[in-house]
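Chemist: From first to last, the protein sequence lines are chains A and Y. Per this note's numbering, the very first residue in the first sequence carries number 1; after that it's consecutive. Per this note's numbering, the very first residue in the second sequence carries number 192; after that it's consecutive.
Warning: the hint list may mix true and false statements.
[Unchecked claim] Taking lysine-lysine pairs in the DSSO-like style, the calculated list, with each CA pair at most 30 Å apart, reads: (1) K179(A) <-> K238(Y); (2) K126(A) <-> K226(Y); (3) K240(Y) <-> K61(A).
Calculated directly from the structure, the hints in this document are not laboratory data.
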Amino acid sequence: MTTSPANPTLGAKPRVVSPFNPANAVTASRFLTLPPFFWAVSNGYHQYAMLFILICGLLDKVDGLVAKLFDCRSPFGEVFDAIADGICYGFAMIVVAVYGWAPAFPVFAVIGLGVLNTGLRFVYAKRAGRAINYKSYAMERVVGFIGFLIGFATGGMEVDYYYWWFLPLFALVVLHDTKRMLFDGIPGADR
Amino acid sequence: MKAELMTPETFRWVLTILTLGGAVWALYDVYLISKLRGQDRNDPLVKDKRFGFTVGIIIGLFGISGVLRFHGVL
């Protein structure tokens, strides 16, 4: 069980949110798109591959809406969402690279930087001394674009251009977040 | 099972529309960054937002440039 950060009123008892809630169920359902995605790529079905990664990306948007609708936002849900992003997009990136639909070097460099960023989130939580997800406005945007990158690979759309130029931008965002997570102050740490 | 869902030309345009649809987000980031005007530049949260919205705008322009290349305009 985790507590909801929704009620910041001092002295009020934090509301308990079960990890088995509708928003996390939607997040978990994203994993169901991965086997058909792999099937589509391994059989050369470009359009089906794009369809499955599109569904995966849309479910990422839906889980946030469901969390608001059912008022079941929690720190665990935020971390689970970030982990689901990493697993889904990481898996799909590896698949398109292995099947030669995308250049291998930028794919594995992006995955490596993504793993580093995920590890640093745990360090950040440890620094904070509580379950907390580092909110990065830049990372939200680049992760969203990674979904598009996989779509570009399935459609053969300017693949080299997008992948090679994305790498330095992603590295810059990881560098920025690394500084914030390791060295800068933590909001609310003085409470 | 049918080999694919649509013709290659339609698929090309679906990709184009989805990419341009995503690039519209850059306009929203332009709006969000304009709302930060006058706020404390030393506030870490404001700095984070400014950086994030700028990245969003760059990604939007990047997406559009790729679409233009895809259609032989650039």
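Chemist: Indicate, hint by hint, whether the structure satisfies it.
Modeler: Here is what the structure says about each hint:
{"no.": "1", "hint": "K179(A) <-> K238(Y)", "in the structure": "holds (13 Å)"}
{"no.": "2", "hint": "K126(A) <-> K226(Y)", "in the structure": "violated (33 Å)"}
{"no.": "3", "hint": "K240(Y) <-> K61(A)", "in the structure": "holds (20 Å)"}
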